[in-house]
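In case you want the letters, here they are:
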Amino acid sequence: MKKYLFPHQFKKIGWVLLILSILAAIANLPFGWEPSFLISEPINIWGLDYSFMGTGKNYFDELYSIGIILGSILVAFSKEKYEDEYIQKIRLEALVWAVYFNYIIVILLIIFTYGIDFPIFLMYNVTSLLLVFLIRFNWSLFKIRKVENNEE
Amino acid sequence: MKNNIRVERAIKRITQQQLASLVGVSRQTINAIEAGKYIPSTVLSLKIASIFEKDFSEVFQLEEKDWNKGK
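Heads up: the protein sequence lines correspond to chains A and B, in order.
Just so you know, our numbering puts 76 at position 76 of the first sequence, and the rest follows in order with no gaps.
Just so you know, our numbering puts 56 at position 56 of the second sequence, and the rest follows in order with no gaps.
Hints were generated in silico from the structure; no laboratory data involved.
Among the clues, some could well be false.
What the hints assert, rightly or not - Only pairs whose alpha carbons sit at most 27 Å apart, straight line, appear in this in silico BS3-like list of lysine-lysine:
1) B:65 - A:81
2) A:12 - A:143
3) B:12 - A:146
4) A:143 - B:54
5) B:65 - A:2
6) A:79 - B:37
7) A:89 - B:47
8) A:143 - B:69
9) B:37 - A:143
10) A:57 - A:2
11) B:37 - A:81
12) A:81 - B:69
13) A:3 - B:47
14) A:79 - A:3
15) A:89 - B:37
16) B:37 - A:3
17) A:12 - A:146
18) B:2 - A:89
19) A:143 - A:2
20) B:65 - A:89
21) B:12 - B:2
22) B:2 - B:47
23) B:54 - B:65
24) A:89 - B:69
25) A:2 - B:12
26) A:146 - B:54
27) B:2 - B:65
28) A:79 - B:69
What the hints assert, rightly or not - Among the chain B residues that face chain A by a calculated CB cut under 10 Å, a handful are:
29) 26
30) 37
31) 40
32) 43
33) 46
Just so it is clear, CB atoms sit at the ideal spot from N, CA and C, and this is done for glycine as well.
Okay, chain A solo, but in the shape it has when bound (with noise of 0.2 Å):
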């Protein structure tokens, strides 16, 4: 599994652009702040006009989305500093772990949501099948390493 992880440093760039992100989440979805300089403008190539993710739009909120993304797949699955064995094994638990939370929570949205709402919750279900496993994965490496000065 070794090589198919970041080295153990894009770990703290990956923290970073997640809280980065997330806080550019919270400004604009509840508060509706976006920076006015992010307004796409047409791009002129050869006398023709070309737009960048649809013209006049603010593209605010397509940079933090890929933040979230790419930060949390980078906190996520960035080796560790003593990235061995047992914490492949404790890392393949958590993630078959959310993978099984965050689907039953899919399925329970796939009954209990209905019309506009399910599209909205399935949108924040791009990035919770990772944050999930960032959860438990830290939590479950937080554990090992509280009991381990029962050293003799």
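Model the placement of chain B on the given structure of chain A, informed by the hints.
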């Protein structure tokens, strides 16, 4: 699978951290193996036995319940 790593460590007078460094894993891993929470891979078991200058089967022993696993 049982092991007597804790005893062998005491004989050798090395800590979990020292053993962990010698075989290239984290201290948590040695702790989990000693506590029977984690069964090490073949390579790691052989490395641990080799640090103690013992045969594999002197450090690690099969248990009755190991025969029931995976059934």
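Comparing the hints with the structure gives:
Between residue 65 of chain B and residue 81 of chain A the CA atoms are separated by roughly 34 Å; this puts the pair beyond 27 Å, and the hint is violated. Our distance criterion of 27 Å between C-alpha atoms is met by residue 12 of chain A and residue 143 of chain A, whose separation comes to about 21 Å. The hinted pair formed by residue 12 of chain B and residue 146 of chain A meets the criterion: a straight-line CA distance of about 26 Å does not exceed 27 Å. Our distance criterion of 27 Å between C-alpha atoms is broken by residue 143 of chain A and residue 54 of chain B, whose separation comes to about 32 Å.
For the hint linking residue 65 of chain B to residue 2 of chain A, the alpha-carbon distance of about 31 Å lies beyond 27 Å, and the restraint is violated. As the CA atoms of residue 79 of chain A and residue 37 of chain B are separated by approximately 22 Å, the hinted pair is consistent with the 27 Å bound. Among the hinted pairs, residue 89 of chain A with residue 47 of chain B is consistent with the structure: their alpha-carbon atoms are about 19 Å apart, no more than 27 Å. Only pairs whose Cα atoms come within 27 Å are accepted, and residue 143 of chain A paired with residue 69 of chain B is accepted, the gap being roughly 26 Å.
For a cut-off of 27 Å, the pair hint linking residue 37 of chain B to residue 143 of chain A stands: about 13 Å separates their Cα positions. Restraint check for residue 57 of chain A and residue 2 of chain A: not satisfied, since their Cα atoms lie roughly 41 Å apart, outside the 27 Å limit. Under the criterion of a C-alpha separation no larger than 27 Å, the hint pairing residue 37 of chain B with residue 81 of chain A is consistent with the structure, at around 21 Å. Restraint check: the Cα-Cα separation between residue 81 of chain A and residue 69 of chain B comes to about 32 Å, which exceeds 27 Å; the hinted pair is violated.
Between residue 3 of chain A and residue 47 of chain B the CA atoms are separated by roughly 22 Å; this keeps the pair inside 27 Å, and the hint holds. Distance restraint check for residue 79 of chain A and residue 3 of chain A: the Cα-Cα separation of roughly 10 Å lies within the 27 Å cut-off, and the hinted pair is therefore satisfied. Under the criterion of a C-alpha separation no larger than 27 Å, the hint pairing residue 89 of chain A with residue 37 of chain B is consistent with the structure, at around 12 Å. About 26 Å separates the Cα atoms of residue 37 of chain B and residue 3 of chain A, which keeps this hinted pair within 27 Å; it holds.
The hinted pair formed by residue 12 of chain A and residue 146 of chain A meets the criterion: a straight-line CA distance of about 22 Å does not exceed 27 Å. As the CA atoms of residue 2 of chain B and residue 89 of chain A are separated by approximately 19 Å, the hinted pair is consistent with the 27 Å bound. For the hint pairing residue 143 of chain A with residue 2 of chain A, the CA-to-CA distance comes to about 22 Å; that is within 27 Å, so the pair holds. Of the supplied pair hints, the one linking residue 65 of chain B and residue 89 of chain A holds, its CA atoms being roughly 21 Å apart against a limit of 27 Å.
Taking the CA atoms of residue 12 of chain B and residue 2 of chain B, the gap is about 19 Å. The hint holds against a cut of 27 Å. Note on residue 2 of chain B and residue 47 of chain B: the hinted pairing holds, with a Cα-Cα distance of about 16 Å set against a maximum of 27 Å. Proximity of residue 54 of chain B to residue 65 of chain B is assessed by CA-CA distance (about 24 Å); at most 27 Å being required, the pair is judged to hold. Distance hint between residue 89 of chain A and residue 69 of chain B is fulfilled; the C-alpha atoms sit about 17 Å from each other, no more than 27 Å.
For the hint pairing residue 2 of chain A with residue 12 of chain B, the CA-to-CA distance comes to about 32 Å; that exceeds 27 Å, so the pair is violated. For the hint pairing residue 146 of chain A with residue 54 of chain B, the CA-to-CA distance comes to about 31 Å; that exceeds 27 Å, so the pair is violated. Simply put, residue 2 of chain B and residue 65 of chain B have alpha-carbon atoms about 11 Å apart, close enough for the 27 Å limit, and the pair holds. Our distance criterion of 27 Å between C-alpha atoms is broken by residue 79 of chain A and residue 69 of chain B, whose separation comes to about 30 Å.
With its C-beta approaching chain A no nearer than about 4 Å, residue 26 of chain B sits inside the 10 Å limit, and its interface hint holds. A least Cβ separation of about 9 Å between residue 37 of chain B and chain A falls short of the 10 Å threshold, and the interface hint therefore holds. Hint on residue 40 of chain B holds. Least Cβ distance to chain A is approximately 7 Å, under the 10 Å limit. Because the closest C-beta pair between residue 43 of chain B and chain A is about 9 Å apart, less than 10 Å, the hint holds.
Taking 10 Å as the C-beta contact cut-off toward chain A, the hint placing residue 46 of chain B at the interface is violated, the least distance being around 13 Å.
Hint compliance for this structure: hints 1, 4, 5, 10, 12, 25, 26, 28, 33 are broken, all remaining hints hold.
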